Amino acid sequence: MGSRASTLLREEEIEEIKKETGFSHSQITRLYSRFTSLDKGENGTLSREDFQRIPELAINPLGDRIINAFFPEGEDQVNFRGFMRTLAHFRPIEDNEKNKDAAASEPLNSRTNKLLFAFRLYDLDRDDKISRDELLQVLRMMVGVNISDDQLGSIADRTIQEADQNGDNSISFNEFIKVLEKVDVEQKMSIRFLH
Amino acid sequence: MGLFLDFNPFDNLLCILVGISFTVWFTLLLVFIIVPAIFGVSFGVRRLYMNTLLKIFEWATRRIERGAKDKNHLLYKPYSNAIIAKEPTSLEEEIKQIRRSGSNRDLDAASEFEMSDIFYFCRRGVESIMDDEVTKRFSAEELESWNLLTRSNYNFQHISLRLTVLWGLGLLIRYCFLLPLRVTLAFTGVSLLVVLTSIIGFLPNGRMKNFLSEQVHLMCYRICVRALTAIITYHDSENKPKNGGICVANHTSPIDVIILASDGCYAMVGQIHGGLMGVVQRSMVKACPHIWFDRSEVKDRHLVAKRLSDHVEDKTKLPILIFPEGTCINNTSVMMFKKGSFEIGSTVYPVAIKYDPRFGDAFWNSSQFGMVSYLLRMMSSWAIVCSVWYLPPMSRQEGEDAVQFANRVKAAIARQGGLVDLLWDGGLKRGKVKDTFKEEQQKLYSKMLVGTQEDRSRS
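Residue numbers (UniProt numbering), protein chains in the order written: chain G, 1 to 195; chain L, 1 to 459.
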């Protein structure tokens with residue numbers, strides 16, 4: 001029997017998620033329905049296998065890195081709150097939010113937080129630095145077997161050279177922000193809802 | 001002793017009452033359902049039933065909406081379309097766009113790799129997490145209006161007394177009246193099929209045997225159609241499949257077979273099962289040549305192809321019925337057609353089947369329900385309403401290979417049935433996607449990086 005009907009989201013939870021992530025009521029209920037349909041084990045959490053079952057994600061070269069972004073350090077399950085918190089990074093930035101006062105805590109979908117999400121995709125060991133090795137590994141994921149080690153190595157060297165400012169041969173978050181300061185992050189890292 | 005005498009009269013009375021009600025029950029059954037089924041005639045009762053139900057459902061939905069508004073709840077509206085807006089830009093286009101916005105260099109000297117390239121993969125990945133085209137095809141479609149079945153409602157809270165009473169009444173009618181009636185009919189239909197086809201099996205091969213076998217098959221399938229209260233509308237019957245052809249249709253549930261076979265005679269293809277199914281299959285093949293495979297033979301593709309082509313070459317044999325998707329899909333889309341049946345080289349008669357989900361969802365989610373519980377669910381829904389379109393026959397054209405032909409047929413079926421045409425394999429319901437798709441993406445991206453190097457070496 002369908003357990004979807006019996007695990008309706010409570011109003012209080014929806015309000016809390018709304019405050020934390022900024023999604024609207026209907027967006028939250030829709031994403032909850034999506035969450036439950038992915039949750040094949042029906043235990044209220046998603047595992048890595050649940051994500052890998054999505055064919056379009058499985059064929060994405062960075063699929064595993066993206067899946068990893070949902071799971072906090074050392075954990076194997078993500079609940080709905082965590083799911084929404086990660087998805088919130090991709091909410092489009094609304095105009096009225098740009099003028100929020102500095103006292104309010106930074107929303108999850110600010111430009112900085114979007115860049116942080118992308119930075120963490122590169123930073124494999126979560127030490128807040130992208131080393132040459134990490135860059136090489138991510139590049140290898142994106143190109144597969146089609147480019148030789150040497151070529152890839154020179155691409156990585158060049159990239160680090162251009163971005164690195166303090167000479168430690170790795171890219172910190174601030175250097176990352178500097179490199180991408182002209183890129184239209186708001187548009188390219190946002191997903192528009194239809195409702 | 002006196003006490004014993006007291007019970008007897010009541011016992012007798014009870015027996016007489018039970019006997020009478022059974023007789024009445026069966027007579028009604030015979031007159032109103034079985035006899036029309038034999039002759040293929042309909043009293044129109046089912047259509048009247050369907051129209052009445054529709055009116056009740058609309059009322060129920062409006063009641064729920066009003067109730068929700070009164071309580072100031074936001075009604076959960078299922079998404080029949082997409083949740084998010086996806087732009088159909090290619091990998092190359094998107095990455096170029098991203099680079100252009102961030103680059104302060106001359107466009108001609110395009111860089112090999114930018115750290116911002118990752119944005120493309122990132123966004124596509126998260127988009128597919130929010131909403132993808134494939135996984136939602138393997139679970140039942142969500143409805144906009146409520147059809148008084150709790151199994152298809154996500155808003156079921158106590159809205160009004162009238163609605164709950166109606167729902168309770170509906171429950172009573174469905175489980176205490178409709179379900180026993182339908183189960184009786186189903187048993188009648190299946191047992192008649194087994195008995196009569198076995199009898200016909202004793203006749204010598206010839207026109208008489210074929211004629212009788214066709215009539216028996218049609219009659220029993222019609223009884224089964226009434227057992228499910230299936231209200232079917234056939235369109236374009238002039239395109240019905242002929243001998244020596246292959247009929248292909250989209251697959252939603254095992255009921256598809258009953259729906260198609262009650263309007264025409266087909267040779268079935270499939271694996272021999274054990275148990276009741278096996279008994280039915282074995283007796284059916286005595287009356288007319290169906291194609292049943294053993295479990296071991298199914299794996300041998302050449303053997304399968306040979307038996308199928310032998311069958312279609314014999315013009316006295318009935319057209320073959322095949323479901324090329326290979327698995328049940330939820331009737332919102334058509335997934336990849338396996339090319340086996342399109343390699344045989346005979347005329348293909350496409351058929352599109354579209355169920356109306358308002359009366360009961362016909363999709364068989366085999367990971368959620370077994371066959372028996374699925375059939376019980378079907379028999380305790382209101383009705384099964386569907387439309388069948390017979391499309392004009394198609395043959396493989398010059399220079400077209402089996403895969404292209406299969407895609408062409410699939411597109412025609414999808415267009416007619418109003419279904420989404422997908423290239424994804426229905427086998428993804430259970431299996432993993434092939435690595436070749438990921439490798440394609442990687443190759444595309446590599447070309448962007450390396451391609452610029454080649455330009456550079458040229459200049």
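For the record, the hints were derived by calculation from the structure and aren't laboratory data. Hints should not be assumed to be uniformly reliable.
Okay, derived cross-link-like pairs now, DMTMM-like style, lysine to aspartate or glutamate, Cα gap no bigger than 25 Å in a straight line [to be verified]:
{"id": "1", "chain 1": "L", "residue 1": "K96", "chain 2": "G", "residue 2": "D127"}
{"id": "2", "chain 1": "L", "residue 1": "K438", "chain 2": "G", "residue 2": "E56"}
{"id": "3", "chain 1": "G", "residue 1": "K129", "chain 2": "L", "residue 2": "E112"}
{"id": "4", "chain 1": "G", "residue 1": "K182", "chain 2": "L", "residue 2": "D310"}
{"id": "5", "chain 1": "L", "residue 1": "K443", "chain 2": "G", "residue 2": "E16"}
{"id": "6", "chain 1": "L", "residue 1": "K299", "chain 2": "L", "residue 2": "D263"}
{"id": "7", "chain 1": "L", "residue 1": "K447", "chain 2": "G", "residue 2": "D157"}
{"id": "8", "chain 1": "L", "residue 1": "K69", "chain 2": "G", "residue 2": "D157"}
This one's a predicted model, so the numbers in the text were calculated from it and none came from an experiment.
Here is what the structure says about each hint:
no.	hint	verdict
1	L:K96 - G:D127	violated (30 Å)
2	L:K438 - G:E56	holds (9 Å)
3	G:K129 - L:E112	holds (22 Å)
4	G:K182 - L:D310	violated (67 Å)
5	L:K443 - G:E16	violated (44 Å)
6	L:K299 - L:D263	violated (31 Å)
7	L:K447 - G:D157	holds (20 Å)
8	L:K69 - G:D157	violated (61 Å)
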